[in-house]
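Just so you know, the protein sequences line up as chains A and B, in that order. Counting from 36, one number per residue, gives the positions in the first sequence under the working numbering. Counting from 36, one number per residue, gives the positions in the second sequence under the working numbering.
Think of the hints as simulated: they come from the structure by calculation, not from any bench.
Non-contacting residues of chain A with respect to chain B, defined by C-beta distances greater than 10 Å in every case (computed): (1) Ser58; (2) Ser59; (3) Thr65; (4) Val117; (5) Gly133; (6) Gly140; (7) Glu143; (8) Gly147; (9) Ala162.
DEER-style ranges, computed between Cβ atoms: (10) B/Gly133 with A/Arg87: 43 to 51 Å; (11) A/Pro107 with B/Trp131: 16 to 24 Å; (12) B/Glu81 with A/Arg87: 45 to 53 Å; (13) A/Gly147 with B/Trp131: 36 to 44 Å; (14) B/Ser62 with A/Arg68: 48 to 56 Å; (15) A/Asp56 with B/Thr49: 24 to 32 Å.
Beta carbons: idealized from backbone N, C-alpha and C, even for Gly.
Number of protein chains: 2
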Amino acid sequence: MVSSEALAERAGTTGAQVRKDLSSFGSFGTRGRGYGVDPLHARIREILGLTRPWQVALVGAGRIGSALHAYPHFRDRGFRIVAILDMDPAKIGGAWEGTPIRDVGELEAVVGAESVEIVILAVPASAAQPLAERAAAAGVRGILNFAPVRLRLPEGVEVNNVNLAVELEALSHALSLEDARR
Amino acid sequence: MVSSEALAERAGTTGAQVRKDLSSFGSFGTRGRGYGVDPLHARIREILGLTRPWQVALVGAGRIGSALHAYPHFRDRGFRIVAILDMDPAKIGGAWEGTPIRDVGELEAVVGAESVEIVILAVPASAAQPLAERAAAAGVRGILNFAPVRLRLPEGVEVNNVNLAVELEALSHALSLEDARR
Numbered sequence: 036m037v038s039s040e041a042l043a044e045r046a047g048t049t050g051a052q053v054r055k056d057l058s059s060f061g062s063f064g065t066r067g068r069g070y071g072v073d074p075l076h077a078r079i080r081e082i083l084g085l086t087r088p089w090q091v092a093l094v095g096a097g098r099i100g101s102a103l104h105a106y107p108h109f110r111d112r113g114f115r116i117v118a119i120l121d122m123d124p125a126k127i128g129g130a131w132e133g134t135p136i137r138d139v140g141e142l143e144a145v146v147g148a149e150s151v152e153i154v155i156l157a158v159p160a161s162a163a164q165p166l167a168e169r170a171a172a173a174g175v176r177g178i179l180n181f182a183p184v185r186l187r188l189p190e191g192v193e194v195n196n197v198n199l200a201v202e203l204e205a206l207s208h209a210l211s212l213e214d215a216r217r
Numbered sequence: 036m037v038s039s040e041a042l043a044e045r046a047g048t049t050g051a052q053v054r055k056d057l058s059s060f061g062s063f064g065t066r067g068r069g070y071g072v073d074p075l076h077a078r079i080r081e082i083l084g085l086t087r088p089w090q091v092a093l094v095g096a097g098r099i100g101s102a103l104h105a106y107p108h109f110r111d112r113g114f115r116i117v118a119i120l121d122m123d124p125a126k127i128g129g130a131w132e133g134t135p136i137r138d139v140g141e142l143e144a145v146v147g148a149e150s151v152e153i154v155i156l157a158v159p160a161s162a163a164q165p166l167a168e169r170a171a172a173a174g175v176r177g178i179l180n181f182a183p184v185r186l187r188l189p190e191g192v193e194v195n196n197v198n199l200a201v202e203l204e205a206l207s208h209a210l211s212l213e214d215a216r217r
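Bound-form chain A, shown alone (with noise of 0.2 Å):
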């Protein structure tokens, strides 16, 4: 058994807070003895939706691509890249652990023959837009867009934003806050 408390002091919050976010997701745990352990994992894995795996095409063979693609902690997860595209002929026809780098003028025909779900853009800002509108037609559900530019797509195609220099922001602009308050 865990309690909200333990909970709470691992993610940096309290215990009335993890309560009542797990609440918000259905009745969980005993009064006064806290979730057990591995029905609180399974639920919390069903929850992020990781009881299945999920197909993920990269598009994007630069450095930052690159690291997301050996980042572990996808496959651990059930996010399995099963495409790696690029515009650039340097790259194309390479691999990355066995995964072929392929043209990104292929993207349409690898998200239908993978059955891509998720796409990773890691491409710079001028190429996001048009690329996250063909993934979006090609029957992509959602797209984790590292791209520092904001995606304009239809309705119900889910876009998730890491914008790295925004995450730098706001430590110096928490820095600068305190620096006036001296």
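Fit chain B to the given chain A structure using the hints.
Leaving out everything else, chain B in the frame of chain A:
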């Protein structure tokens, strides 16, 4: 001039939200006319702490570190990666674009000599906590943490976590919710 509606359109929010957010940083713009682009840009840079450069050390010269080092939008905004540190003897002594890769044992010396205020931590989960503690003790004020672990640090050290697996899980969660609704 730019209107709050035009800003909202780009940011994916509402004009009312833009006005509310900006007003929390003081008096901005002219009712009915919007914001002057140049003063708004200058004020936002100020709010984000981008009116002066930041000395940054990159700890971890792996694939994520390499991608971050090459990321063009850090330098743009005044984040200068002035030092790279790693524990791998095969990497130490090398250099990325002229910046030498040094032994992480020199972390404290480097933070002092280079007046490092921000550390980007791109190391495995098991290495992150002790390195973060050392950086904090050496005077680092902010840590951008890519290790999938919650850091426990003294008050006054700002931490911003980027967990790439969590970013993909946000997508799989959303897609699973859609599936459940069908």
